[in-house]
Amino acid sequence: MPENKMKNLLDELKQALSSAQATADTKAIWRRYLGDKGSIKLALKEIKNLPLAEKRVKAPLLKRFYQEALNLFKAKENSLKNNQLQHELGSGSEELQFNLPKIGHLHPITRTIREINRLFTGLGFSLMDGPEIEEDEYCFQRLNVPPDHPARDMQDSIYIKKPNFLLRTQTSSIEARVLAAYPPPFKIVSPGRVYRNENVNKSNHFIFHQYQAVVVLKEVSLKDMFGVFNLLLKKLYGQEMAIRYRNKYYPEVEPGAGVDLECFNCHGAGCAICKGVGWIEVGGAGIIHPKVLAAAKIDPKKWMGFAFGLGLDRLVMAKYNITDIRTLLGGNLGYKYYQNENFIQSN
Amino acid sequence: MKILYSQIKDLIPGLKAGPKAVGEALTLTGFMMDGFSEVKFNNRRDYLLSFEVRQNRGDCLAVWGLAREVAAYYGLKAKLPRVKKITPDDGPLNIKIEAKKFVKRVVAIKLAGLKNGQSPAWLKEYLALNGLNSVNLLVDLSNYVMFLTGYPSHLIDYDKLNGGLAWSLNHYFTEVTTLFGATARLKQDNEIIIRDQKNIIALAGLVGGRAAEIDETTKTIIAEAAIYDRRIIRRNSRQLGIVTEASHRLEKELDPHGAAAAMELLVSLVEKHTGGQVASQIFDYYPVKYVSPAIEFDPESPSRYAGIEIKSDQAIKILERLDFKIKKSDGKLLAAPPTYRQDLGLNEDLVEEIIRIYGYDKIPAGEAPKLPVVREITPKNIILAGKARDILTALGFDEILSWPLCQSGDNDLVNYQNWKTISAQNSINELYPDLRQSLAAGLLVQLNEYHKKNVEFIKIFEIGKIFGQKKGRYLEHESLGLLSATKNKSLKDFKNYLETLLRSIGFSDLKYFIPASKPKAANPDSCWEIRAREIPVGLIYKLIPGENKLNVYFAEINLNLITAELKSLNNNPAVELTRKLISLDANIELAKSEFIYKYLETLEKRFDKKNLWSLSVADVYPLGDKTRYTIRAVYQELSDQEAKKIHLAVFNLT
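If you read the sequences in order, they're chains A and B. Per the working numbering, the first sequence starts with residue 1, numbered consecutively. Per the working numbering, the second sequence starts with residue 348, numbered consecutively.
Be aware that one or more of the hints could be misleading.
[What the hints assert, rightly or not] Listed next, with one range per pair, are the computed distances between beta-carbon atoms:
id: 1; chain 1: B; residue 1: I861; chain 2: A; residue 2: E88; range: 36 to 46 Å
id: 2; chain 1: A; residue 1: S203; chain 2: B; residue 2: K545; range: 47 to 57 Å
id: 3; chain 1: B; residue 1: A529; chain 2: A; residue 2: E137; range: 30 to 40 Å
In short, the hints are calculated from the structure, not lab data. Computed from a prediction, not measured in an experiment: that's the story for all the values here. Note that CB positions come from ideal geometry on N, CA and C, so glycine has one too.
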């Protein structure tokens, strides 16, 4: 009786499946019972040998048995696959949590530079850098500060070899390099590290970071420059921040401008932080001095430019709640293992 | 520079602006107010305003000068006090000017019959507000005149002199004791001095000497006010380390014309307060009279520079308010600044003068700039450094920034390049004199800090400059350093990070060689030179274990070098896959002394690149003095038969 044979084979299959431990075992079971040469498959094929009347009665029964066998096999196979997956994943959510891979972090200065770069590259500016060991010519002379000029006292230099080689005191040296190397027109920004011969303490460092912008076009104006600087400061400090531009002397520009923000502590009323004046200086700017263009063999009658710069360290400290400037370069800056800056907000 | 509001008010009749507004007006016009406080002066409420004078303007290190600025801003006229001309007495002064190259003007006069003593309370109070202690009446009056006019003067006790005075370059003295009691060592032939026949009377423009100093018994003086070439004053001040109120003013441009008016004020005050009288002729050495230049002025330029319309007549009025003389000549507009404005000489200087008085606050700052599109010139190494940062953070590395200056000896441990250390000549931070030659120095400092603070899972990197000296040239390049401290004792995992980085940016051809020079900090058995496209681009090594007992791995890559290499590299990994990949293995045996990468290098050349998907070592099995490698070649766009045929041919398996 084919149906009895099939029933026995089904019982045999149930037995075999119940003892199967891994998906590898089920493959052997498949071959033995359900593969092309498997015993159940062969038993099913016997239908075609039955007389027609018997075939009509028994074929559905045998097909049902066969279907049941397939279902049993698939159920067991799925169950084993699941077990295996669970085994591979670990035994529960707790273990997953403790196996999180380490997240890497960018330095707050890099993050801030990227944030500003994004604004300027969006405005079509290129990025630029220059040497940190700089020649007096590029750090001072080409920027309209000849030897013995009083403006040299504004920056106390660290010399590598007096009087010609020093660590750059300002990112304006990159301006001098770019003016010498690239024919105008161009628009560049250059974040960079600068050095002054100062004692290191909680609020001062001899190494710090500046962000410089230089634009040389057929024609530029203070209004253009204020417009660009305003975009930057509003991005960094918010739309409501009051900004002031005033005349300020820098040897490399004329007219020059000092840029102030309303004191965040007293909002202009005057307090100890702003020394009673209500404003805090954040940067310097100006139309590039014709002598600076001429020193780079750029005809000041044909080209005009503006340049501005601001310090980055205090900005970064305020943004990341860092109270000691030495933290930025000194080894005290740590990153939480599990936590990264909010990507959406920081971008 | 400090001023009292009452002084400004007295000098500018009609001034309505209050103290804060005056401060803000000067700030807008170029003199940033950096202090503002209510004070009591001469028994009256007053305001002390402090300003930064960065410009080359000695005239504004003076109450009179700043008053002129305030008046110009408000369109008013400053009325400076009228002082009566000096009535000279008979008898010339015995003064010689020897250092003619450096002396622009000397005005000197003798006053006798003086009664020196303590200063009145108002004068002491005024000097204290300016940060000076009262010395005695005569000295205090001299300082008072300096604050009002900007001209330093110097008083000499006539009775202490030995013969006549001379302004000379110092050929005579090796040291001088100053009024402050300090001894200054002199470099002969460098300093300008005022001397008599025996002593140094003053370091000209800097400070007086003890030899003829004024004391309360002084009866007869020579008062002098002199203007020098500002460059020598600055040089002497820096070389001798003497910075005084006088040197501060004299190293900026001071108008020699004004020295006479300052002397007249001083003489009148000395006569008034000490009862003395002029007792000599006026000595006035002024060989080359300063004449203001006539600067050609383009009246359109202020509008162009400001970006807003400033009408020509407005511009000219502003110049006139600043005491310029304007005239037309051959259709050109010529503007001659007052003699006290020797900082001006170009049309751009005039533009700045006009815009600063017109008001920066009148230029709209809120409009989005309309700058034209220009070509992109970002150097590729900046783009590469950004990409490397992203890859390394994705691999779990934290970015740190460290000091580019390191301690003596640090470079000896980590340097592996053929260059000498560069040291700073004058760093205040003496403990950190040397520029780093490897980023390992800073990363190791950070590692130790993290270890001290129990920070685990240390994987850090830095991108920054490293420095060295070769054949007398100062060299620097951008470098990438990465460091990992783990329990893992093999360099292999760390190497994988480095390779992921380098492959991600385009280098697939990476090899490791024994380096020519190994840093002392490296374990010599675990230190390799990294080559990309056969170019040595850096170093990877395990550090000799330190006190922290960590397994520390470090690698450094020269970013400038790999940028240059990448520029000439033309990779295109994208292919169209229309058939199954076919993976075939082959076993080969190599002597232990043979390098597998060299075998692979030769092998690779036997393939037609367009059919090869990958070539790798699938297994390694040691066999006594040989090693068996299972090489796996994966073929693309071939049938099984075609792949097999090539495979057998390449591996000589037929």
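Consistency of the hints with the structure:
Checked against the hint of 36 to 46 Å, the C-beta distance between I861(B) and E88(A) comes to roughly 41 Å, which is consistent with it. Taking the beta carbon of each, S203(A) and K545(B) are about 50 Å apart, inside 47 to 57 Å as hinted. At roughly 36 Å, the beta carbons of A529(B) and E137(A) sit within the given window of 30 to 40 Å.
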